[in-house]
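Novice: Each chain, letter by letter, is given below.
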Amino acid sequence: MNLFFFSSPPTFFRLAGAMAPWFFVLAAVLAAAGLYVGFVVAPTDAVQGEVYRIIFIHVPAAWMSMFLYFVMACWGAASLTFNTRLSAMMARAIAPTGAMFTFIALWSGAFWGRPTWGTYWVWDARMTSELVLLFLYFGFIALANAFEDPRRGDRAAALLGIIGVVNLPIIYFSVQWWNTLHQGSSVSFKGTSMHIAMLWGMLLMALACWMYAIGASLVRVRSVILEREARTRWVRELGPRASAAIAAPGVTKLPG
Amino acid sequence: MSHDYFIWMSYGAAAIAVAAELIALRLGRARALRRIEEEKDLETQD
Amino acid sequence: MNVAAQVAAMPPPEGSFGAGFSWAIARDLTLALRHPGETLLVVAFFVLVASLFPMGVGADPQLLLRIGPGVIWVCALLAAFLSLPSLFAADYADGTLEQMVLSPHPMPGWVSGKIAAHWLVSGLPLTVLSPLLGLQYGLEVATLAALAAALAIGTPVLSLLGAACSALALGARGGGILLALLALPLFVPVLIFGAGAAEAQAAGLSSAPHLSLLGALAIVATMGLPFAVCAAVRIALD
Amino acid sequence: MTIEARALTCSRGAVTLFREVSFRIERGEWFAVRGSNGSGKTTLLRCVAGLTRLDAGEVHREGNVAYAGHLAGIKDDLSAEENLRGSLALAGATVGPEQARAALDEVGLLRRRALPSRRLSAGQRRRIGLARLMLDPAPIWILDEPLTALDDDGQALFARTLARHLERGGLALVATHHDLALTPARLLRLGA
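Respectively, the protein sequence lines represent chains A, B, C and D.
Taking our numbering, I'd label the letters of the first sequence as residues 196 to 451.
Taking our numbering, I'd label the letters of the second sequence as residues 2 to 47.
Taking our numbering, I'd label the letters of the third sequence as residues 1178 to 1415.
Taking our numbering, I'd label the letters of the fourth sequence as residues 717 to 908.
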């Protein structure tokens, strides 16, 4: 079995196109199940009331934001070590989704914090490092697109991702340390016992987020491949059928 | 006191973010297709 | 013809880490001395911004005492950042960077030399000046010492991280702003431990834990980042 | 001291600049690279020097490389002499002031050696590079359009310098549009 079989862009392009819809379907089903468990099955929290239900979006999004950065850095490292084109494109394709999850985690965190801590924003270790993470994503995306030669952007961004992934734990611990010196008020779930349904809800939502992230990355990597390989023969052979095969109806009618 | 507002704001923003990303994905795909067409035009001009 | 004869008699050159390091540091310092204005500008910026803060937040001595270390650190961070764009860009633009990569001296040598030179003209003057600025904020002697010690340990890390980002951004569109986006988030731990050392001292606690953590950070950065910078320079020239 | 290139392939974006280029330069030989603008001459030289990554193929270099590209690597704020001695120190050569002056004399910059390089003309700056080549002990020269901005006298000087380098057992790969007095061992043509 050739490990690098799927790393040829045309093969991967078709494979990604075939798989992406299924990941979106899975994501929708899992999200529906997760929300049902979260909002209907799971009981009201004794301490926080209904508002704790934000957890079902907040925690999975926060997990995803960190995992995706890690996965992105791994793809980047792979592209630097093996000099494979596709790995770098995957890293590029993951970044915007990761940034989006970081944004959701920050936003839902703020709206969870307001009723529970009385303020939208706390310079809490998690939230601060999440904010820094958002900037790291922005830096990655900006650097990847800052060069005339896309390969150059790929490699520079990959290196930045590696530096960032080494830095992230340091940032987290530094913020935590700094925060504990300033104030000891960090709300945790230690007081309340977690109901099993809550756990299931979070798990289902996390899986839904994973599926969505994979699906979105696959769709995006297809666009990246097309743009990058626009002058190659296989893309041009794809050409006549391209508008039918790749674009959804209505999209090709866009101006331009 | 009702916390619906906060829950709606969280999930609503998440839904909007996901929708925005899906639209961006569509636009990116359209742009990639336009690029291919442009490349083809360049070829024929040569 | 005697030139050729002499060259032919020379042994093939052996590169060494030390030779590359001293070459880079000597040349960058010479160039900095030809234009001392640029170094002074960075220092002036540092002093100016640190002096603006009390005018902005009010001259309440208690408040100044509290925010002093943090403000001075943020100013040092911005000042160190100011001189970053030109760290590799000048060599990249005039072709010297290619010559350095192809020289027989190992890359980490001259890369470290360049970073050391950057620290000598940015981090060191800020460290030396920081007690003066601290006096403006009414900090006590022990706090001033902690602040200067933290800056002495922390600013090299800023130079190292900044050098990596500056090499990554070589030839990129959006120059300075892009560099800010890349470098400033990575500076966060240094800022926290650095400002924390002086604040702990001011609060009557020991600044030693912060300083040791900062020192650990400096060691890790010194061991790892020059190699990242080398990789970034190679990517930039590719 | 040889340089051997096997099946070099390099592309920029979707454009393949050259494919399966192979050659071997022995000591005392020089190869000329010719090709129209945009045919990949510079990229080939950079690949052989080890600056640019190849898509495929490998380069085997025995000995240090002296590379002179479009950018001269000269600092405007330093004088001709400082630039010369600086670039030689970077190349690992220990060169005394007399040797440096002798070389500067040969390229006709002795009287201007203390001027900041920003006050030199383009040709004069090229001549600093020429002086550096004279003193650089690297056996492999990779030169990208070395005759640009040089006058007739300078071009003859370059040809003499190259001849001397080959006599010493050096070798060179030179991209140039000009015909030199010295015939190359082989002409590499790039582009269809």
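Treat the hints loosely; a few may be bogus.
As the list claims (entries may be wrong) - Below, simulated SDA-like cross-link-like pairs (lysine to any residue); rule was C-alpha separation at most 20 Å, straight line:
1. B/41 / A/205
2. B/41 / D/731
3. B/41 / A/422
4. B/41 / A/357
5. B/41 / D/728
6. B/41 / A/239
7. B/41 / B/29
To be verified - Going by beta-carbon spacing under 10 Å, a handful of chain D positions derived as facing chain C:
8. 767
9. 802
10. 807
11. 896
Worth flagging that the hints you see were computed from the coordinates, not collected in a lab.
Note that the Cβ used here is the ideal one computed from N, Cα and C, for glycine as well.
Novice: If a hint holds in the structure, say so; if it does not, say that too.
Specialist: Hints and how they fare:
The hinted pair formed by residue 41 of chain B and residue 205 of chain A meets the criterion: a straight-line CA distance of about 18 Å does not exceed 20 Å. In summary, the hint linking residue 41 of chain B to residue 731 of chain D is supported, as the alpha carbons are separated by about 14 Å, within the 20 Å threshold. Taking the CA atoms of residue 41 of chain B and residue 422 of chain A, the gap is about 13 Å. The hint holds against a cut of 20 Å. Between residue 41 of chain B and residue 357 of chain A, the direct Cα distance comes to roughly 37 Å. Violation of the 20 Å bound is thereby established for this hinted pair.
The suggested pairing of residue 41 of chain B with residue 728 of chain D holds, with an alpha-carbon distance near 18 Å, which does not exceed 20 Å. Between the alpha carbons of residue 41 of chain B and residue 239 of chain A the distance comes to roughly 60 Å, so the proposed pair goes past 20 Å and is violated. About 19 Å separates the Cα atoms of residue 41 of chain B and residue 29 of chain B, which keeps this hinted pair within 20 Å; it holds. Because the beta carbon of residue 767 of chain D sits about 5 Å from the nearest beta carbon in chain C, less than 10 Å, this interface hint is met.
Hint on residue 802 of chain D holds. Least Cβ distance to chain C is approximately 6 Å, under the 10 Å limit. For the restraint placing residue 807 of chain D at the interface with chain C, the shortest Cβ-Cβ distance is roughly 6 Å, inside the 10 Å limit, so the hint holds. Hint status for residue 896 of chain D: violated, given a least beta-carbon distance of 18 Å to chain C, over 10 Å.
Consistency with the previously given hints fails for numbers 4, 6, 11, ordered from lowest to highest.
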